[in-house]
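Asks: Take a look at the letters that make up each chain.
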Amino acid sequence: MELLDIKNLQIEFPSRRGTVVAVKGVNLTVRPGEVLGVVGESGAGKSTIGNAVIGLLDPPGEMSGGEVFLKGEKINDLSSEEKRKIRGRRIGMIFQDPLTSLDPLQTIEQQLVETIELHLRLGKKKSQERAVDLLRQVGIDDPEIRIKNYPHQFSGGMRQRVVIALALCAEPEVIIADEPTTALDVSIQAQILELMRKLCREKQVGMLIITHDMGVIADITDRVAVMYQGNLVEEGTTQKILGDPDHPYTKSLISAVPRADVRLRRFPMVDYIEKEEDRKVLLDISTHWLGQGRDFGKIEGPLISVKDLVMTFVTKQAFLKKNRQSFNAVDSVSFDIKQGEVFGIVGESGSGKSTIARLIAGLYKPASGSVFFGETDLTKVGSEREMDVFRKQMQMIFQDPFSSLNGRMRVMDIVAEPIRFHKLASSNREVETIVTDLLEHVGLGRQAAVRFPHEFSGGQRQRISIARALATRPRFLICDEPTSALDVSIQAQILNLLKDLQEELGLTMLFISHDLPVIRQMCDRVGVMKKGKLVEVAETEALFTDPQASYTQELLSLMPKLDFLSHEGLDVEAS
Amino acid sequence: MQSVIVMFTVGLIAFSMFRFVGDPINNMVGQDTSEQERIELRERLGLNDPFLVQFGRFSLNAVQGDFGLSYKYRVPVSEMIAERMPATLELAFVAAILSLAIGIPLGVYTALKRHSFLSKLIMTTSLIGVSLPTFLTGIMLILFFGVVLRWLPTFGRGDVIELGSWSTGFLTASGLKSLILPSITLALFQLTLIMRLVRAEMLEVLRTDFVKFAKARGLPNRLVNFKHALKNTLVPVITITGLQLGSLIAFAIITESVFQWPGMGLLFIQAIADVDIPIMAAYLVLIAFFFVMINMIVDILYYAVDPRLRADNE
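Here the protein sequences line up with chains A and B, keeping their order.
So the first sequence is numbered by the numbering used here: it starts at 1 and just counts up by one.
So the second sequence is numbered by the numbering used here: it starts at 1001 and just counts up by one.
Please note: incorrect hints may appear among the correct ones.
Taking CB as the label site, the calculated pair distances span [to be verified]:
id, chain 1, residue 1, chain 2, residue 2, range
1, A, His-247, B, Ile-1240, 50 to 58 Å
2, B, Ile-1097, A, Glu-455, 47 to 55 Å
3, A, Leu-56, B, Phe-1093, 42 to 50 Å
4, A, Phe-402, B, Gln-1260, 57 to 65 Å
5, B, Val-1305, A, Leu-56, 52 to 60 Å
6, B, Phe-1093, A, Glu-384, 39 to 47 Å
7, B, Val-1305, A, Ser-484, 32 to 40 Å
In short, the hints are calculated from the structure, not lab data.
Quantities reported herein were computed from a predicted structural model and do not represent experimental measurements.
Note that the Cβ used here is the ideal one computed from N, Cα and C, for glycine as well.
Build the full structure now, drawing on both the sequences and the hints.
Replies: Below is the structure:
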């Protein structure tokens, strides 16, 4: 018998401008011991399903049709008090961000015991023992001591374990996990997924896991349901959906997943995903504005050369120097970036990747070491005016497209600002022509110029960032996690755009990412970082086929296995 | 460290009043005093010494609680202030309790039942509370309860009882009755402010993930709202409340003059009228001292409430 049975679920969000149907007639079932994945891009209605099942839809959302059964018992029309009794007791829930899921002012113990007492009424002593036992089960060392700690004393991965312990503490029959590992590093993601899988098997719990990440789906699920704009487009075993999808949307979604096993020339664009203005004609660099004024000083050898770079952050302030505590975010790192190459840096959060990008761009001053741009040591450039010459040749694209654009400026002014600052155009009209041209070039169209950033989606905003970066006609582009805030299909578009631009303009790029498959698709050579140190630098192909450092091997082994992904319609680059 | 600097600066400002605001001698002596006597007096009071010497003397005395003699009454300022302080402190204390005891529950209520008719009514009323100036509410209250209904006294402290050097109005019926109108007047603004602050913070906290997760664990609303949400709401509320309590003491002036409340504020107003600089200086320094002390207490409270701050210093 099905454990959780969702029949013909319909969820609506009434608003002043008419009702938005977030979920349209979805049917799903979860059996004991089974992991069902719900996958889709943002706005597909995945999370709404989870919230509707436990009766916690955010108002004004409402379930306008369908039924939810838990072990054959209809639960969607229970009173709110009865629904509350089911939550935590029979259906456990795990949310995306472990950093904010726990009450910061209460110890882990208070929160665990409170929940256990509420559902199981064991008495204080027994509840405490159970709490300790649960923490041990989810793999927290010294649970007797750690249980007295507050949430901020745990790392992200550890906190997610506590969250899992909280979700499990009344032995629920079903667990709904909403993007449980999205906020975590790969190595921690692998551990958490394994833990969840194990608990599911051992306790015969049914799990509904909601995610946008194909890697997670491939790793943990038995069956997958694919959502697109509120509809369930396809459902089947994980093998079938990933390896041999039927529905065109699933096909396009899977083709857009960056993979680690082969390198593609370009991501295929299937019409099903948001229309991309495919720019089939490459620019004629010799006549185009972007191609002019590229007579940079000739540079022999590598374009960027980083030598023994050290960056120190003070972690504890003190009046006296000897009492201060600090750590090296970047610890004597050296590497070269050749002209025209894409150099990747990969590592987990806190490894110092972004710090390196900022050091090269001159946003931080290094504690010691030097950054050579051609022959010039950028750390020794004294005046701002001299530095501007290099800033013009060097541009950066940031991770978060929502906060890296000034919300009060029109797109025209955002893109025009660097042109005006560096006086690259003689008249205002010329600036405007260049900006509209750039916007068209990154696939936004000229109408975009008069609008404000908030009118655009994440992917479109990242295109604006790219247009702005190109506006100074740079020769060197630093991309700091440019796609990690985006959906896979949008990511594929942005990566395609970057690849095209790199090819057309012969740009040199520093590409930073935590995502190994993305690195494989984009980079010629890769450096692997761990705790501020560069542990390995190698050609991309060599790194993926024959990693040298043990840390690289570990990272590669933790990567979700996507080998059986469908290869249909891929444009594989011959190596 | 910072508190010392603040106190020093305020002391400096207070002291410079002696030098730059009027000539004290003119205020101390009659019109028929000869020029000779004026010079003698100036010499005797040390007003001809260099600035730094005078300031040094002033600070040294001030630290010991000695602010000199009132120009007008010829009594030590410290005595005058000590005599008036209980009145102001009692008034501020009652007003603070009122604004916290009513403001926090109202804030929580309006946050939880955002769309109920009562919350909307409270919010509208509070807008009036914020926008009415203190003296107006004071006069309206006097008119209504004092003149029309004749329920409550409209001025003074009523009968007080001396407890050592502290005179309290808490122990007599007329003292308590006299407290009601001025404390409501003083509390009204703070009350609405605290209420609106608690409401805004609470709404913010109710949107956070941990509240949602607490609900998903099946905790009843009562626990979610009061154990988890309210406690997190209070962290920022403490800061603002602390600052506001300081201003309750400082800005009791208006209320005190409306109700002829014999507190420090009234003393200060009279001192301004008389250009009685020692009193003004002492009042300034004292108020600064209260602010500094309250801020220190707020910092300590912060520490007690928020474990994240404790961990940083371990």
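Asks: Against each hint, give a clear statement of whether it holds in the structure.
Replies: For each hint, the structure was consulted:
no., hint, result
1, A:His-247 <-> B:Ile-1240: 50 to 58 Å, "55 Å, holds"
2, B:Ile-1097 <-> A:Glu-455: 47 to 55 Å, "50 Å, holds"
3, A:Leu-56 <-> B:Phe-1093: 42 to 50 Å, "43 Å, holds"
4, A:Phe-402 <-> B:Gln-1260: 57 to 65 Å, "58 Å, holds"
5, B:Val-1305 <-> A:Leu-56: 52 to 60 Å, "28 Å, violated"
6, B:Phe-1093 <-> A:Glu-384: 39 to 47 Å, "57 Å, violated"
7, B:Val-1305 <-> A:Ser-484: 32 to 40 Å, "36 Å, holds"
When the structure is compared with the earlier hints, violations turn up for hints 5 and 6 and for no others.
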